[in-house]
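Take these sequences, add in the hints, and give me the full structure.
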Amino acid sequence: MSSFDSSLSRRILRMRILVTGLAVVVAFLLGSALVALAGINPLTALRYLFSGALGTRHGIGETLTRFIPLFLATLSFAIAMKVHFYNVGIEGQIALGSLGALLVGVYVTGLPAPIHILLCLTASVVFGILWLSVAGFLRFRFGANELLTTVMLNYIAIYLIDILVETVLKDPNSLINQSQKIAATAKLPRIMEGTTVHLGLVFAAIVGFIVYYYVWRTPGGFELRAVGANSKAAKYAGINPAKLIIIGMIISGGLAGLGGGLNLLGYQSRWVSGTFLGYGFDGIGAAVMGQYHPLGMAFSALLFAIIRVGGGAMQRSVGVPYPLVHALQGIVIIAVIISAYFIEKRTEKMTKGGQ
Amino acid sequence: MSNRKDVILEIRNLTKTFPGVIANKDVDLDIERGEVHTLLGENGAGKSTLMKAIYGIYGMDSGTVKYNGNPLDAKSPKDAIAVGLGMIHQHFLLVQEFTVLENIIMGLKADKGIHLDLGKHRSRVEEIVERFEIRLDLDEKVKNLSVGMQQKVEIVKVLYRNAKFLILDEPTSVLTPQESQGLFGIIERLKKEGATVIFISHKLDEVLQISDRITVLRDGEVIETVVNKDLRKDDLSAMMVGREVTLDVDMPEVELGPDGLELDKISLVNPGGKTVLKDVSFSIRKGEILGIAGIDGNGQEELAQVLWGTLKASGGSIKLHGSTVDDLSTRKRMDMGMAYIPADRKKEGLVGTFQVSENIVLNSYYKPHFIKGLGQDFGAIREYSERLVQEYNVKTPALSVWAKNLSGGNQQKLILSRAIEGNNDVFIIAQPTWGLDIGAIEFVYRKISELKEAGKTILLISTDLEEVRSLSDRMCVIFEGEVSETFRVQDKQVAEIGLLMAGGKRREE
Amino acid sequence: MDSQFMIIIGILLGSTIRYTVPILYAALGGLITEKAGVLNFALEGLMLAGAFFAYYGNLVTGSILVGVLCALAAGALTGLILSISILKYKASQLVMGIGINIFYLGLTGYFFRIIGSSGAETMVDDLLGSIHIPLLEDIPLIGVLFEQNILVYLLVVLVIFTARFFNKTTIGLNLKAVGENPYAAAAVGVDVIKNRTLAIVVGSMLAALGGGVMTLTMARVFLENMVNGRGWIAFTAIILGRYSSKGVLIGCLVFGAATALSDIVQIVGIDIPYQAALMVPYIITIVALVLSVGGGNAPAALGARYDRE
Amino acid sequence: MKKKIISLLLVAMFLVSLVGCAGAEEPAEEPAVEENVEEPAVEPIKVGVIFTGSIGDGAWNESGYNALVKAKEDLGIEFSFQESVPVAESGEVMRNFAYEGYDLIIAHDFNYNDIVSEVAPEFPDVLFTVSYGYQSTEDNIAAITSSGWHASYMAGVLAAAVSETEIVGVLSATDSFMGKRMRTGFVNGAKSVNPDIEVLEAFTGSWDDVVKGKELVNGMIQQGIDVILSNSGNVNFGVIETAKEAGIMAIGAPSDLSSVAPDTVIASAVTPSGIYVDYGIRQLAEDNFDGGVYVLGIKEGAEDLIWNPAFEAEFSAEVIDTVNAAKLQLSNGEIEEPVVE
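Protein sequence lines, in the order shown, are assigned to chains S, V, B and X. Under our numbering, think of the first position of the first sequence as 1, with each following residue one higher. Under our numbering, think of the first position of the second sequence as 1001, with each following residue one higher. Under our numbering, think of the first position of the third sequence as 2001, with each following residue one higher. Under our numbering, think of the first position of the fourth sequence as 3001, with each following residue one higher.
Quick caveat, the hints were computed from the structure, so don't treat them as lab data. Some hints could be false.
As the list claims (entries may be wrong) - For lysine-lysine, the following DSS-like pairs were computed, each having C-alpha atoms within a straight-line distance of at most 30 Å:
id	chain 1	residue 1	chain 2	residue 2
1	V	1229	V	1191
2	V	1078	B	2088
3	S	345	S	232
4	B	2088	V	1346
5	V	1404	B	2168
6	B	2194	V	1075
7	B	2194	S	345
8	B	2088	S	232
9	V	1164	B	2088
10	V	1143	S	232
11	B	2090	S	345
12	S	345	V	1075
13	V	1372	S	243
14	B	2194	V	1066
15	V	1347	B	2090
16	S	345	V	1404
17	V	1347	S	345
18	V	1229	S	232
19	V	1233	V	1404
20	V	1332	S	243
21	B	2088	S	349
22	B	2088	V	1109
23	V	1025	S	349
24	V	1367	S	243
25	B	2168	V	1075
26	S	232	V	1372
27	V	1078	S	232
28	X	3244	X	3046
To be verified - Some residues of chain S that are not near chain X, with every Cβ distance over 12 Å (derived):
id	residue
29	103
30	110
31	122
32	137
33	140
34	185
35	205
36	229
37	243
38	246
39	250
40	341
Predicted model, so just to flag it, every value in this text is computed and none were measured. Note that the Cβ used here is the ideal one computed from N, Cα and C, for glycine as well.
Dropping the structure here:
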């Protein structure tokens, strides 16, 4: 009878990282084949992909800036998945979160900066939650599948914000359809000289840690995981699954909204009509790749940010059309989800032990 | 085996392993044409696995099988069905949304191109149904049928495929004694028609009643094949377990205290408007075990859930230690000393992908002594888990192993340990020994008797009538959501209880 | 006033049919997949793939038939990938679907730019003329229903066939059984994996054809992201249609009509932001979804992972 | 398991080495340098361009791209570009170009104007142009634009002059200030000929949804239009197709679309965006670059109505005269700018 075996957990973790890493490598090889189809040397293209995203100070800054909303979207999807709520509507919640930050950032003035920023972020969290609550309400009240309602709500959110930005929120001093800029007091300060990296990165890191701590280290997180792993057993252990699903939903919507808010306060500063950020769907992919573990997701969100930024570099340098980025992300998702099978098999074997 | 008659199925040296487990080892077995041959053994003795290996559901690792003299190497049930085998599984494999007819004909070859001639099939099925005197409405959806009727659908299904060799895997486990007799009638008729039947069971009475020959399996090996003549139950059970075991538990005499749990006219109407529980009333005193017997699906699950607070009763009242708990959550009831050992330990008792230690604190993780600051005190949890694992002899390679990887007995020990250690005094125990081996059953029974001795209040819900009779002080029977009067176990004969279980008191048929 | 009304009805009818056809192909494909117990979240991506490869096949060979075959081939290949990953490697059906959608959004855009086509010379030649059904086409108001191209009539046949398929054929019954209770089906010798693979592949082919119809007979060019959410609408239509081909037909018609209606709102100059009109179909879909839930008739094993015992 | 880990590590190292190489070998990778070794040390002008969509859209972006290719041939510039850059992220792409040593950055859409105003001060040595831009806030920004409505005004005049049903239509992708100008120009032009004419307007809401574009136009046709001005990017092809099927006339925009359907497209209201690209590059090449707003017009070829030669002959002299008169008035500045609310 051995004691609590943390070395086993470590061995499992190592195996998971290795197998996932292999899947990512395979995905990049397939992506390279696509590049070759365009008559471009894939090695050169890949080199530019990574050097564009990581090779210069500015590239790193851009990657980190993208990472902020992407990471929050990733966390958002993961936490909802923990309670089996399929939040495919992160895109819409990010948009609404941006709207919340925008409204407070533009129309509330005269506050000292820290308070103004916090107020904006609060608004973005609330807006994100409210938008997700629509799907939540429809599910709990009518049993409508959230997977579909959240997808539909994405489209509605984008159109809705565009309507607002083209009408009541339109910057009267601008010719193009865009909102006013947020007040200077609402802007998140830059934290890396010569780049766009803003204080949101620190927020994201803190939030990432809080989520990790909550899920894996607190009784509340224990309940959340129990409900996700076996809601019936959790219910019989005195946990109220419905309550936990709602908590998971609220956190998920809040995280997505916060991602939108941070991006708006730290980077966009305003909303331009027709903006489609696409972090929502990337976040789903990154969550899958990170296997719903905060640390894994930090890495995968970073990789997806690298692919995004590096994709631009690939086009500028060797003319690889930008949509390759999406194709590559798709391949990564598929490869990683298939690798999950091998991870599951292996984990099963490793946890079985002798009897 | 020297005077070999007409052997229809011949198994030689069959071995089947699962990762880490040998399910069947070097099994030799001859089945004669036209006999009812029982495979007898404890849970996990390898009876079902053996049959599933032959039937093509699992492959076999090594060995040969001959059917009618020809080698049979079924890669899927299709191959087995093709030569005339038919298996009726312990858990019915029916499509609930399909009609009886659709269930019977599904998977058959097309008649013309891909066309399905329902009319033709219907008349053929009707023929069979008449020949075997099985009453079935072919157009009723299976989901609307009783368990007994569903079993008949399964039987007709294999007969319609011209099965001459039927394998019945624990067919009586879901039937009332009366329904079981009905099934035996059908088996007799099958035999008359020349069919061969393999009957899998661990219920000795039935086995002795229906079998021509009996093969006993233990730990995946054939122990002995005997002709059913002048056999006694004791002989068989000795062969089954390899030693003389009596499961007649000696329950301690305990002076009963005041009522620990009282139910007053509990009723429940499900969302579909169906009455699931109707005016259930009884009370249990401290130091007393009240058993509820009944066929699965008669409201036991719901009753337990209402008591546990995971379902809200539509009417009536529950008192715990004399105070009403109707509006209290499960958690509040737990804090008042209530504990629940659910029937389905895998789905309801454990979080399979949680570690053993996490499962051990599943009902106590929030208690102050497991909390440090905002987070959990993993050190305290580890210490506690280590102690329980040791005291309850839960065999696990490590505390971090997933609970789903433990054997059934160890899973049950884990669940018992955390319920008992919680300082609880009212226990709802459902199906505590389902699927366990003898050793584990003994352990569970010992723990229950210890609880009684400690003056706890215990409600035992089980579909195993013998279990209820041997453990309880008083018992009652639940049928279609209603419980009978409680009576002292020794006051009623099994036959009488069987009648109650079939709702006999109300229906005059 | 009356004639104006008649004109609007005419626009509505014609538009409704054209909006409905691609979605209905995809929804029927999704229906077949889901009847066998597998959720098809990849409809959007499949439609895009079908749209592109039909276009490309036609571009290279100048033949509509080759275009159709290319769409079908793309669907079949994707279906195989889906089958292997979902059935053999137990991949989450949701995540696979999202992966495929993102992949095709990228791949089709990428290929479209690589082949460097644009402009008039790369348009699909319209070889698929309308087939007019004599007499019926002359009926006022609904005559428009009877002057469609062959792919529309084929669709009508498919809808009718699918309805019969599930009730009157052995394959249909087996597929349904596999979707309701794969273990029961396996027990009577139905090969669950084979049947599900068949359903996924055929379903994916139909979905891709839905996209192909868009480029071959409607848009006649390929544009990035031209499917624009129609795959998700098709997915919803299956639920709205309560998993019957008749219901799916109605569900798709509802969406088609809603879109057509939102066009009318714009054309007749009702003064609302045009995005509001564009939102209408999505809102209607949600409302319909809400109204249609409860029961639902979903196959019992839909979405559940199947592990052979 | 050991073996697997080793093979995994090998593959991982392969990946890492790819990244590593990126920095190390970069100088050797500049392909264009070798050709010019013998030439006197004249560095070619490096131009970086940002597009909102695909360079194969057959409209705005494609015209800009073609101008680049031509400038490379004529002036020996070097260029690279990035497509599908959302406004929200365009600042980073501009900065990338700037850091990568480009001399001129062309933001090929007026929606980029504000972002250019933000980025340009960070790189005083880099020049920026905004195609169709509306403001220049720095010395190194040139907003190169045109009236935005002259071409569509002429289209309106033509449409009204040839329409028999007295209903004409205009289809756009999305709504914007420039779009409004364009549409208002069309309406004013049409009303100047026939005050009673009715103009139907509709939006596809996207540059991609060609099926929707066709349905909308089809609906307008049922409503009685007999001339359609289509200014919706690649969706144009579908629109013209629909017009052809219905036998109505179409006016293309912003490129010359006569060849798409010679029997249907009567003329094109062209606003070739390549002119803006070309203008900026030439200014730089001639060392003549100054910040400011440059409004190009009919004279510079930035706006025009181009007849489909097949049709010009078919129209009555009266129609042609009306259009030409309007053109003259426009280039003389005699027509008041439309009021856009």
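The hints, checked one at a time:
no.	hint	in the structure
1	1229/V / 1191/V	18 Å, holds
2	1078/V / 2088/B	21 Å, holds
3	345/S / 232/S	24 Å, holds
4	2088/B / 1346/V	25 Å, holds
5	1404/V / 2168/B	43 Å, violated
6	2194/B / 1075/V	14 Å, holds
7	2194/B / 345/S	23 Å, holds
8	2088/B / 232/S	28 Å, holds
9	1164/V / 2088/B	35 Å, violated
10	1143/V / 232/S	23 Å, holds
11	2090/B / 345/S	11 Å, holds
12	345/S / 1075/V	23 Å, holds
13	1372/V / 243/S	24 Å, holds
14	2194/B / 1066/V	28 Å, holds
15	1347/V / 2090/B	21 Å, holds
16	345/S / 1404/V	14 Å, holds
17	1347/V / 345/S	21 Å, holds
18	1229/V / 232/S	48 Å, violated
19	1233/V / 1404/V	35 Å, violated
20	1332/V / 243/S	16 Å, holds
21	2088/B / 349/S	18 Å, holds
22	2088/B / 1109/V	26 Å, holds
23	1025/V / 349/S	23 Å, holds
24	1367/V / 243/S	19 Å, holds
25	2168/B / 1075/V	29 Å, holds
26	232/S / 1372/V	27 Å, holds
27	1078/V / 232/S	36 Å, violated
28	3244/X / 3046/X	43 Å, violated
29	103	17 Å, holds
30	110	24 Å, holds
31	122	23 Å, holds
32	137	27 Å, holds
33	140	32 Å, holds
34	185	18 Å, holds
35	205	21 Å, holds
36	229	27 Å, holds
37	243	37 Å, holds
38	246	32 Å, holds
39	250	27 Å, holds
40	341	15 Å, holds
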